[in-house]
Amino acid sequence: MEERPLLDVQKLRLYFKTTKGTVQAVDDVDFQLETNQAIVIVGESGCGKSSMAKAILRLLPRNVAEYSGKVYLGGNEIMGLNEEQFRKQVRWVKMSMVPQAAMNALNPVLRVGDQVAEPLMVHFGIEKNDALAQTKTLFQRVGVPVDFINRYAFELSGGMRQRVALAMSLSTSPDVIILDEPTSALDVLTQSNIFNLLKGIKKGTNASFILITHDIATSSELADRVAVMYAGQIVELSDAEVFFKEPHHPYSAKLMASVPRLRGNEEPDFIVGRPPSLINPPEGCRFAERCPKRFARCTAEPPVTRLGNNLVKCWLYS
Amino acid sequence: MTIYENTNVTTATIKPDPKTQTSLLSVQDLRVWFELRKFGFAHIGDVHAVDGVSFDLGFGESIAIVGESGCGKSSLMKTILALYKPTRGRIWFNKTDLSTLKRNEVKEYRSKVGFVQQDPYGALPPFLSVKGILEEPLIVHGVKSKEERLQRVTKVLEEVKMTPVNEFLSKFPHMLSGGQQQRVVIARAMIMNPKLLVADEPVSMLDASVRVEVLKLLRNLQEQHNLAVIYVTHDLSTVRYFSERIFVMYAGQVVEKGKVDRLVNNPLHPYTFALLEATSDPDAGNAKVMKVIPTGEPPSLVRPPSGCRFHPRCPKMIAGKCDVDVPPESNPAEGQYVSCWLYE
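Protein chains in written order, with this note's numbering: chain P, 1 to 318; chain R, 1 to 344.
Note that these hints are calculated values from the structure, not bench results. The reader is advised that the hints may include incorrect statements.
Partial pick of chain R residues on the chain P-facing surface, computed with a CB cut under 8 Å [stated by the list, open to error]:
#1 A42
#2 H43
#3 L275
#4 I318
Here are a few chain P residues that sit away from chain R, every Cβ distance over 10 Å (derived from the structure) [said to hold, decoys possible]:
#5 R13
#6 G69
#7 N104
#8 D147
#9 F195
#10 K199
#11 S219
#12 D239
#13 V259
Calculated pairs, SDA-like style, for lysine to any residue (alpha carbon to alpha carbon, straight line, at most 20 Å) [claimed, not checked]:
#14 K203/P to V292/R
#15 K259/R to N265/P
#16 K78/R to P194/R
#17 K161/R to K203/P
#18 K203/P to G285/R
Given the structure is predicted, the values throughout are model-derived calculations rather than measurements. Don't be surprised by glycine CBs; every beta carbon is placed ideally from N, CA and C.
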């Protein structure tokens, strides 16, 4: 039997029921993640990036219309687990998440130390004092002064809160850490410091990362692989080296061209139009309407073409 | 504090008396402090949000103020908008001293200064339609005729490229995308035909694909209306496409100022250097190297560090000098001013 990668997501689908119809937030997404690899999921807001993270961790709202697909973690299928098993075996044990806007993700009425210690106590049955001692080591690792353990979230700066949220996700030494826009609310210097920290963690542990962001420039600080999402689907999945030099999909190319650069003289350009509604996404290629390279075949659903190590969902390449 | 000598050739001949000068806005040794009180009355200190900032802004000129959160950018901006009163120092707008304005004159002044907020959705009242939002300033400033109001609303919406206008007039903010909301905010700032536009992080909440569109729109408006723009941001990569001069602020003070190209290609102050170093361009090589970034956080503005305020984080700190004496402003290269002991 061929060995499976650490995380293998197949035909993951998450639809929501709304009063206006079914929202196809995540539509048959496939991707793989190797041990100690970082994959970056980029795309415009509303393209289903965060929903995908939630679908993988099964943090679902109540209005789910359809939730299907297969997710293999370390060779085991986890979509078939019931909620109790999932909570005990997967969530926060093997996979953890740093949610978007960590400031709001911390509980305002608990001391941050207790919050970081909680997963250790719940999942591994560690005594509170030992858990707090481990929390101190974690704080040192992520660069939070140890005496902050007794502080509340509001007493910390944005960067420190982000570090605490990161400590929380590291506490159980998970295999996969999902980072949802970890630095979008932070200042540039703090942002770089957090990315330095993430690079250090990636080097020092075996953890793999799924980084969800709309900021392509900073995403390059961590990326090994880049997945571009558009209207609920992955349209390109490439090695970072290929993607940042010459992206294949016309949408990826436009997205890269829209990034203002500090060095170099290219004038950035914007993408005309806006992403389609996910309630009734267009037939065929979903980007066709805004695509400069559209041609007759684009009215049919494009197949996924493999170019070396890279996958593209576009008729231009098949 | 020295008064900033304008580097713009057309306004280079500045005389000490601001009443005779040709710039649109002149800020002189501005200090904005907020008092801290214990139990509501006992004075226990001040937050020195803006501490000695001076600059001149010519007609139709675009400048950028760059710095981290808490460096005083917003306080400076709000003082320029006459929302805060300066503790010390003066602001001259078109030869008028803002501190001498009476209440109705402040209202008049505000019609000449437009403000673009950071979060477009938070800046737009959810219960008013686009037409209602854009009409409001006109009503406040006494445009009585309904036809004229509609005409001006239509014109400004065309200018921000929200066409066909009729489709948008009756829409409410939640029905618009982020980029469209921001264009309504810009339209509202433009409707009184201001001379100065203050834009506070106008694109930081928007998607990358729309950011450039909104920046280009602002740039076009600036050129067409000969509008002066103060662009407040922490993102240096967008500044290049927008402004002629950059002011780098740290802990309430301007540490370096100069023409954009000089500052980006040849930064002098270690803080400017760090800001540039921290700004990434999309490149796969980034993942392989660690960035050299000063750790720590901006200092408290209640008791700012002695000497140079950046010295506790500065990699080039000269002990006994940087932590004792305030560095004077020097002019090591043409069109570039820096407050740092390295260049004295």
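These are the hints, each one checked on the structure:
1. Residue-level restraint check for A42/R is violated (minimum Cβ-Cβ distance to chain P is 23 Å; threshold 8 Å).
2. A hinted interface residue such as H43/R counts as satisfied when its beta carbon comes closer than 8 Å to some beta carbon of chain P; here the least separation is about 24 Å, so the hint is violated.
3. Because the smallest distance between the Cβ of L275/R and any Cβ of chain P comes to about 6 Å, under 8 Å, the interface hint for this residue holds.
4. For I318/R, the suggested interface contact is broken, since its CB lies about 22 Å from the closest CB of chain P, more than 8 Å.
5. Every Cβ of chain R is farther than 10 Å from the Cβ of R13/P; the closest lies at roughly 24 Å, confirming the non-interface assignment.
6. Distance check for G69/P against chain R: the nearest CB is about 27 Å away, which clears 10 Å, and the non-interface claim stands.
7. Residue-level check passed: N104/P sits 15 Å from the nearest beta carbon of chain R, beyond 10 Å.
8. D147/P, annotated as away from the interface, keeps every beta carbon of chain R farther than 10 Å; the closest lies near 16 Å.
9. At the 10 Å boundary, the C-beta of F195/P falls inside the reach of chain R, the nearest C-beta of that chain being 7 Å off.
10. For K199/P, the shortest C-beta to C-beta distance to chain R comes to about 6 Å, within the 10 Å cut-off, and the non-interface label is violated.
11. Separation of S219/P from chain R is inadequate, the least Cβ-Cβ distance of about 8 Å not exceeding the 10 Å criterion.
12. Its closest Cβ contact with chain R, about 8 Å, brings D239/P to no more than 10 Å, contrary to its assignment away from the interface.
13. For V259/P, the non-interface assignment is contradicted: its Cβ lies about 6 Å from the closest Cβ of chain R, within the 10 Å cut-off.
14. A hinted pair counts as satisfied when its Cα atoms are at most 20 Å apart, and K203/P with V292/R qualifies at roughly 17 Å.
15. Taking the CA atoms of K259/R and N265/P, the gap is about 16 Å. The hint holds against a cut of 20 Å.
16. Under the criterion of a C-alpha separation no larger than 20 Å, the hint pairing K78/R with P194/R is consistent with the structure, at around 16 Å.
17. As the CA atoms of K161/R and K203/P are separated by approximately 48 Å, the hinted pair breaks the 20 Å bound.
18. Between K203/P and G285/R the alpha-carbon distance is near 16 Å, which keeps this suggested pair within the 20 Å criterion.
Hints 1, 2, 4, 9, 10, 11, 12, 13 and 17, counting from the list given before, are not met by this structure.
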